[in-house]
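Using the hints, position chain V against chain C.
The primary structure of each chain is shown beneath.
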Amino acid sequence: MHLVQQILFILLGGTAIYLFTKKVGSIRRNIMLGRDEQINDRPSERWRNVLLQALGQKKMFKRPVPALLHFAVYAGFIIINIEILEIFLDGILGKHRLFAPLIGGLYPILIGCFEILAVLVLVSCAIFLVRRNILKVRRLNMKELNGWPREDANLILITEIVLMSLFLTMNTADLVLQSRHYEHYTVTSIFWISGNFTSLFSGLSDTTLVGIERICWWLHIVGVFAFLNYLPYSKHLHILLAFPNAYFTRLEPQGEMDNMEAIQKEVLYMMRPELAPAAGAEQPAHQRFGAKDVMDLSWKNLMDAYSCTECGRCTASCPANITGKKLSPRKIMMDTRDRLEEVGKNIDKNKSFVDDGKSLVHDYITVEELRACTTCQACVEACPVGIEPLSIINELRRYLIMEESNAPQEWNLMSGNIENNMAPWKFSPDDRDAWALEMSGS
Amino acid sequence: MMIKSMAEYAANGEQPEVLFWVGCAGSFDQRAQKITKAFATILDKVGVKFAILGKEEMCNGDPARRSGNEFLFQMMAYNNIQTLNGYGIKKIVTACPHCFNILKNEYPALGGEYEVIHHTTFLQQLINEGRIRLKEGGSFKGKKITYHDSCYLGRGNGIYEAPREVLQALDVELVEMKRCRTNGMCCGAGGAQMFKEEEPGTTRVNFERSAEALDTGANIIAANCPFCTTMLTDGVKNKEKEDEVKVMDIAEMIAASLAE
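Taken in sequence, the protein lines are chains C and V. In this text, residue positions in the first sequence follow our numbering: the first is 1, and each later residue adds one. In this text, residue positions in the second sequence follow our numbering: the first is 443, and each later residue adds one.
Looking at chain C on its own, in the form it has when it is part of the complex:
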C-alpha cells in the first residue's frame, strides 16, 4: 500500500512540475516577444525594491485593512510551504511526518505556528470573499471583471479556504490516531489549533480516521499541485512575478517619459544634414513608431501584464475613470495580457506569428480610452508591484499620432501652433515677452 502511494505521488508530482515548467517556459517566450530594453543599472536600488515592495509589500499598506489581510494570506502562503516541503518529502520517501523525530520538541511548535497561519489565511480569504461578493467594493466589481476575471478571483479564494481546511482536518485526525498510538503515527505534542477539535473525531474508528487523514493529505497535496498549474493561467501569477517585476521596475522619476532615439536622430539629421550617415550606408531597419500590438511594446510592459493581479488600485485612482471615462488602467493591463496570450497561441499553432488581422490598439483598447489619459501617473503610483500602465498608454498614443495620424482636431491645431508659433496657442511669438515689457514700463 505504501509503495503504491509512493509511486503514485512521484508520478503526480513529476507531472505537475513538468507541466508547470512547460507553461512557465511559454510565458517567458511570450514576454520575450516584446522589444528589447536594457534594465540592469543600479542593482542595489533594485534589490531594495524587491525587499520593500515585493517581500515587504510596502505599497499595499496605503490601504491598511486589505494590506493586513493580504499580508496574512501571503505570510501563510510562504511559511506553510515549509510544511508542504515535509509533505512532499513524505510522499516521495513513503514516510510520515519526517521532520518530527528530527527536531523533536520544536516540531509541534512549528506545526502550531502553521496552524495559526492557516486559520489567518482562512479567515482573511473569507473576508476577501465578502468584500468581493457581498460588500461589493467598487474597484473589485467593475465591468472589466465580468466573466472569467471574477470567477478566477473567487476560485482562488475558495481553493485557499479548502486547502487550509484540509490541512487542519488532517492534523486533527492525526492527533487522535497519535493518542491511540496507532501504527506509524509518530507521537508529537498537541498542535495548537487542531488540538482543540480532537473530541469531534474521538468517536470514529481507527480505519475511518486513517481514511480521513489520508484523504485530507492527498487532497491537500493534489490541491497544491493543481494550484501550481492553475497559477500561470490566472491573475494569481503575481505571487511569483511580483518579485522580478519589483526588481525591474523603473527607478527614473515617474514624470520622465522614455526617449525615442530613432526620432531624436532623424530630427538631428534634419537640422544638421552633415551628420547624417552617407546615402547607401547601412540603415537600421525601420521599427514601428510607438506600439500597435504587443510585440511593439517593451518586454517589461509584457511582464507587467503577467504580473497584474487585477486589484484595481490603479483604476480606483485614475482621474479619468473616477469621472466616468472609459479608460481603466487595469483594463489596459488585462487587454495586453489577453492579446499576448492570443499571440502566443497563434505562434504555438503556426510556429511563428501569422497575421490575424487584429492588434492591441482598436481590437482590444479603443482610441477613446487612450485619449482620456492625463498622464498623471496615479496608476503607476498606486500599483503595489511596480506595474506601469502609463508606459503602455504612451506607446499606443505614439503609434496613433505618428503612424495613423489619428488625432482629435484640437490636437492637430495645438501641434500646428507649436510648430508655427512656438506655443500651443495661436499667439505671435513676438508677444512672448509682452508681460516683461509691461512690467518694465511700470
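Keep in mind that a hint or two might mislead.
[As the list claims (entries may be wrong)] As a list, the in silico DSS-like pairs of lysine-lysine whose alpha-carbon atoms are at most 30 Å apart:
hint : chain 1 : residue 1 : chain 2 : residue 2
1    : V       : K476      : V       : K688
2    : C       : K326      : V       : K679
3    : V       : K620      : C       : K59
4    : V       : K476      : C       : K426
5    : V       : K620      : C       : K426
6    : V       : K688      : V       : K620
7    : C       : K265      : V       : K446
8    : C       : K426      : V       : K638
9    : C       : K136      : C       : K23
10   : C       : K326      : V       : K491
11   : V       : K638      : V       : K476
12   : V       : K688      : C       : K426
13   : C       : K292      : V       : K638
14   : V       : K532      : V       : K620
15   : C       : K265      : V       : K532
16   : V       : K532      : V       : K446
17   : C       : K326      : C       : K59
18   : C       : K136      : V       : K620
19   : V       : K446      : C       : K143
20   : V       : K620      : C       : K326
21   : V       : K679      : C       : K358
22   : V       : K620      : C       : K58
23   : V       : K620      : C       : K143
24   : V       : K497      : V       : K586
25   : V       : K533      : V       : K491
26   : C       : K292      : C       : K22
27   : V       : K586      : C       : K426
28   : C       : K326      : V       : K681
29   : V       : K497      : C       : K426
30   : C       : K62       : V       : K620
Since the hints were derived computationally from the structure, they do not count as laboratory data.
Just chain V now, with coordinates in the frame of chain C:
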C-alpha cells in the same frame, strides 16, 4: 523694473544667477501672466540676478510629446537646447511643473543638462536663506488654505514638502484634501488634455477635483502650476464659489506678503 533677456546679458558679457524659464502659459495666458509677474517681482525685490530668454524661448514640447507627437517634441527640444547651450546656461528656474519635468528629466538625454528648479522649491530656499523677508501678520495669516499637488511636481518628481513649507512660512492654516501628496488627484490638464475637449464621462476631472478642494472649507486653493490654476478656477466657478474662494499660485501669495 527692468527684466533683462539672456541676449542682453550676453551682450554685456555677463551671466545671470539663474534663467527664469517662463513657459507658454506664463508668457501668453492672461491668468498665468499674473503668476509670472508675481514671481519676477519677488526675484527683483530679493535681488536675484535673473534673465529670461524672451522671444528666443519656445514651447518645451511637453504637450506634443504627451499627445504622442515625438517628432514635434524632438524639434522643439533640439531648438531650445541649442539656445540654452549657446548661452552656457547652468541653472534654470520655472513656475510650471511641466516645463520643470521636461527640462530636468527629459532634456539631459538630448544633450541639455542644467540644474533645474521649480519656483516653489526656489522660494523655499530664498525663505530659508533669509533672502525673502515676509511681512509680520501678512494677509494670509491664519487663513484656511488647501494645497493642490500638481502631478508633475508631486508624483512626477516627488516634491511634496517644499511648497507646503512656503505656505507654512505665511502662517496659514493648511488643510489637506482627502486625496493629497502621492494620492493627489489630477486637475485634468496634463497629457495635452488642456488643449482638447474631455472624453464623455459623468463629470469633468477639474469639477471633481475642485469640489474636493471646496469640501475642505478653505478660502484659498494654493497651486503651483498655471494649468492647475486655470482648471481649478473653472471648477470653482462651476460651483459658483468664485466670490468666496480664490485659486492662487504660491508665488502670488508670497509676492503679496513681502516685507516693505
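Are C/K136 and C/K23 close enough, with their CA atoms no more than 30 Å apart?
violated (33 Å)
Take the C-alpha atoms of V/K532 and V/K446, compute the straight-line distance between them, and say whether it is at most 30 Å.
holds (17 Å)
Would you check the hint for V/K620 and C/K326, treating anything up to 30 Å between C-alpha atoms as holding?
holds (24 Å)
30 Å Cα cutoff - pair C/K62, V/K620:
holds (13 Å)
Pairwise hint evaluation, V/K446 against C/K265, where the allowed Cα distance is 30 Å at most:
Violated. C/K265 to V/K446 sits at ~34 Å, over the 30 Å cutoff.
Sort out whether C/K143 lies within 30 Å of V/K446, counting only the CA atoms.
Distance of about 57 Å is beyond 30 Å: violated.
Measure nothing beyond the straight line between the CA atoms of V/K476 and C/K426; if it is 30 Å or shorter, mark the hint as holding.
holds (20 Å)
So if I understand the rule, the pair passes when the alpha-carbon distance is 30 Å or less; does V/K497 with C/K426 pass?
holds (15 Å)
Checking one constraint from the list: CA of V/K620 to CA of C/K59, max 30 Å. Satisfied?
Since the Cα atoms of V/K620 and C/K59 sit roughly 18 Å apart, the hinted pair holds (cutoff 30 Å).
CA of V/K688 to CA of C/K426, is that 30 Å or under?
Holds, because 28 Å separates the two Cα atoms, which is no more than 30 Å.
Check the hint pairing V/K620 with C/K58 against an upper bound of 30 Å on the C-alpha distance.
holds (21 Å)
Given pair status - V/K679, C/K326, alpha carbons within 30 Å:
Distance of about 26 Å is within 30 Å: holds.
Comparing the model with each earlier hint shows violations of hints 5, 7, 9, 10, 14, 19, 21, 24 and 27; every other hint is respected.
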